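Visitor: Go ahead and model the full structure; you've got the sequences and the hints to work with.
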Amino acid sequence: MRNNLKFNLTEGYKEQQLISELADQFAIKKEPAISESFAIYDTFDWRLFNKSLVLYRSGNKLFLRKLAKSEIMHTIEITSIPVFIWDFPDGKLKQHLVPIIKMRALLKLVEVHCRSTTYRILNQDEKTVTRLAYEEILPSREKDAPALAAHLWVKPVKGYPQYFRNLAERFEEAGFTISKKEDIYFKALEVVDKKPGSYSAKLNLQLDPDVRSDDATKVILHFLLQVMRINEVNIEKDLDTEFLHDFRVAIRRTRSALGQIKNVFPMGTTNRFKKDFAFVGKLSNQLRDLDVYLLKEDTYKAMLPPVLRNDIDPLFEYLRQKRSKALQNVLNSLRSKKYAKILHDWEAFLSEPREDSATTANSKLPVIYLARKRIYVKYRGVVKAGNLILENTEDEMLHVLRIQCKKLRYLMEFFSSLFPRKKINVLIEQLKKLQDNLGDFNDLRVQEEYLLNITKKLPATHQQLKKTLVAIGSLIGTLDRERQTVKDAFAKTFTDFASPANKKLFRELFTLSRTSRN
Amino acid sequence: MATLALYSNKGGVGKTATAVNLSYLAARTGVKTLICDLDPQSSATYYFRVKPKLKSGTKGFIKGGKHVYKSIKGTDYENLDLLPADFSLRNLDATFAKLRRSKHQLKKILKPFRDQYDLIILDCPVTISILAENILNAVDYALVPLIPTTLSVRTYKQLLKFCIKNNYEVGKIYSFFSMVDWHKKMHKELMVTVAKTFDGVLQSFIPYLAQIEKMGIHREPVAVSSPRSVAAKAYQNLWDKVQQIIL
Numbered sequence: 001m002r003n004n005l006k007f008n009l010t011e012g013y014k015e016q017q018l019i020s021e022l023a024d025q026f027a028i029k030k031e032p033a034i035s036e037s038f039a040i041y042d043t044f045d046w047r048l049f050n051k052s053l054v055l056y057r058s059g060n061k062l063f064l065r066k067l068a069k070s071e072i073m074h075t076i077e078i079t080s081i082p083v084f085i086w087d088f089p090d091g092k093l094k095q096h097l098v099p100i101i102k103m104r105a106l107l108k109l110v111e112v113h114c115r116s117t118t119y120r121i122l123n124q125d126e127k128t129v130t131r132l133a134y135e136e137i138l139p140s141r142e143k144d145a146p147a148l149a150a151h152l153w154v155k156p157v158k159g160y161p162q163y164f165r166n167l168a169e170r171f172e173e174a175g176f177t178i179s180k181k182e183d184i185y186f187k188a189l190e191v192v193d194k195k196p197g198s199y200s201a202k203l204n205l206q207l208d209p210d211v212r213s214d215d216a217t218k219v220i221l222h223f224l225l226q227v228m229r230i231n232e233v234n235i236e237k238d239l240d241t242e243f244l245h246d247f248r249v250a251i252r253r254t255r256s257a258l259g260q261i262k263n264v265f266p267m268g269t270t271n272r273f274k275k276d277f278a279f280v281g282k283l284s285n286q287l288r289d290l291d292v293y294l295l296k297e298d299t300y301k302a303m304l305p306p307v308l309r310n311d312i313d314p315l316f317e318y319l320r321q322k323r324s325k326a327l328q329n330v331l332n333s334l335r336s337k338k339y340a341k342i343l344h345d346w347e348a349f350l351s352e353p354r355e356d357s358a359t360t361a362n363s364k365l366p367v368i369y370l371a372r373k374r375i376y377v378k379y380r381g382v383v384k385a386g387n388l389i390l391e392n393t394e395d396e397m398l399h400v401l402r403i404q405c406k407k408l409r410y411l412m413e414f415f416s417s418l419f420p421r422k423k424i425n426v427l428i429e430q431l432k433k434l435q436d437n438l439g440d441f442n443d444l445r446v447q448e449e450y451l452l453n454i455t456k457k458l459p460a461t462h463q464q465l466k467k468t469l470v471a472i473g474s475l476i477g478t479l480d481r482e483r484q485t486v487k488d489a490f491a492k493t494f495t496d497f498a499s500p501a502n503k504k505l506f507r508e509l510f511t512l513s514r515t516s517r518n
Numbered sequence: 519m520a521t522l523a524l525y526s527n528k529g530g531v532g533k534t535a536t537a538v539n540l541s542y543l544a545a546r547t548g549v550k551t552l553i554c555d556l557d558p559q560s561s562a563t564y565y566f567r568v569k570p571k572l573k574s575g576t577k578g579f580i581k582g583g584k585h586v587y588k589s590i591k592g593t594d595y596e597n598l599d600l601l602p603a604d605f606s607l608r609n610l611d612a613t614f615a616k617l618r619r620s621k622h623q624l625k626k627i628l629k630p631f632r633d634q635y636d637l638i639i640l641d642c643p644v645t646i647s648i649l650a651e652n653i654l655n656a657v658d659y660a661l662v663p664l665i666p667t668t669l670s671v672r673t674y675k676q677l678l679k680f681c682i683k684n685n686y687e688v689g690k691i692y693s694f695f696s697m698v699d700w701h702k703k704m705h706k707e708l709m710v711t712v713a714k715t716f717d718g719v720l721q722s723f724i725p726y727l728a729q730i731e732k733m734g735i736h737r738e739p740v741a742v743s744s745p746r747s748v749a750a751k752a753y754q755n756l757w758d759k760v761q762q763i764i765l
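Quick note, the sequences are listed as chains A and B, same order.
Read in the numbering used here, the first sequence has 492 at position 492, and its numbers run on one by one without any break.
Adding 518 to a residue's 1-based position in the second sequence gives its number in the numbering used here.
Simulated from the structure, these hints should not be mistaken for laboratory data.
As the structure is a computational prediction, the values presented were derived from the model and not from experiment.
Yeah, the Cβ is synthetic: ideal placement off N, Cα and C, and Gly gets one too.
Take these hints with a grain of salt, some might be off.
As the list claims (entries may be wrong) - Example chain A residues on the side facing chain B (calculated, C-beta under 8 Å, incomplete):
id, residue
1, Arg-120
2, Asp-125
3, Glu-126
4, Lys-127
5, Thr-128
6, Lys-143
To be verified - Okay, the calculated bits of chain B under chain A, using three or more residues with CB under 8 Å as the criterion:
id, stretch
7, 566–575
8, 582–596
Guide: The structure is reproduced here in structure tokens:
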């Protein structure tokens, strides 16, 4: 059977005109118009859009489809709109979304309305032989709202192909074009002035290799400042934990850039802002810690033997109470004069024209040179520190190596646009594996300490709390065993990273080759 | 996927009206439905305003597959297709009789459509011959309209006896009361007796209503021509009961 055809009407051609013209030739029966609303959802950082997915609600149903495709991949019935992945009922839709949206909240991006009127084309027996559906997508429910898009669908009825063909030909002759697969998604978002994919905390900068190092560094720092500003306003809304996380990562990257991209700004300026951002970073340490533990609630419970699973609840209750205070503290500090002044001065510094009198050793150097040098030095540092650990694995040294790796990673990300994309991505991936190992080790160590510390703060007077302590003890035991496994995996992970192949690639990309310009 | 026959070995009991209304109600709930008009009188086909014509008549019909598929017509309603009747179907009995496995021909013809539709409803002519056996072999359920009269009940007993004798599963036969007249004392009394005597009598009935007879004028299911009528409600109630059994 033939498929439905979707036509664009020619400019200025109206629904009424079309139908009255057709009425000269066919008997037509108009069905009552149907109005439906569609609300589109995504996370703040466009995780669904980045995977070419569209999640939308219409009535009491939630649909998932691919961008530019009309087939529905999954549908569920809902009584209220889920905000977090754990609000979804178990099933295929949830399974599909879990690895994509993770801990981020779903936000309603826009709601549009679809009004469609079906006209049945009848034969002499008054039998329907083709359906025409005039469909308008409207930005609001108001009657005179200008349509975002209008289409005419021609839908065949099985067994009556000649009518369908006849009508389709007629519309083509009238100059109607068959509608391409433009997704209404984009038009709908335009209404609310949202640009899909416009926010990402990832550094996606295009640097020119010949630009001065100080200017290039300002470009990087400016981007990071924007990330801070965008997230700062949303921390207050407390929609999910990742606004704070992105905010903190931007601060950490800023500090790393100030420390690692050396001698591009006057020493006094660099030192001042290093200190300032260290201060800003600390403001939210406690809140982030609590977020991490609360996000781990289910994981922790799964680690416990079933008999203790519910006994851990008082711990999370305690953490939740602490969190609401911690959030208040963070919000107060973000509203403080000190914070405002730091950010204001920083913005002013990044925007002001450079003073050529105040040049420093690397400020005028083309950024490609500085980037190569800094990355290579850092890489050598990481390899050296790692080799020492292979001989003698001390927890403290693993921590130091983790910090070194993080600095190297940030440098590579700041400057990645200066290097062949595929090659640098290979190295970043390799580094990431090592970082994951070190990160896991550190997280487990910190968690053990934290849990041990918290036992002192929970007053162990009630029987219930005694059981909670037992549960915490059991948890620490599991975490400790896991930490040992992670530690055992270090040697292999590090050796993989420091492999001759990677070494060759690091040298190729980041040492001054003979062919490079002077 | 289910196949349901509106079947009776007695005429004028309301098979076609029931088949047409149930298939419409099924399609309306999103069940992709095919109604097959097997009666050469082609009343169901008429109700859907389709010409009673099969491509290559009974010959094409018994070949099955694409020969049948080509004859299927979309109706005025979403999710509802019709396989029209054809006058040549009057010879269906004789044609089946000439073939090998003559009692399983209809099952073979319908098989490819079981994947394409969620529900196939057969509107059957009055028969208790080879065609009846084809029907009983082809469907998952048979629904028999019963007028609460002595003759109608007697014919129903005949059918059950026939099934037992020829090893057809009596469990797939359901019945409901049709053309019920509340003013008649006999109707009321018989309904009570029959419900006690037989298994598979649905707790739902269709009254004798002018609205249903007028389907021939409107050529629409009653739920379309008069959605708030008693008739529309009665069919909805019957569909609810049938749906619980077959889907």
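Visitor: Which earlier hints can't be squared with this structure?
Guide: 6
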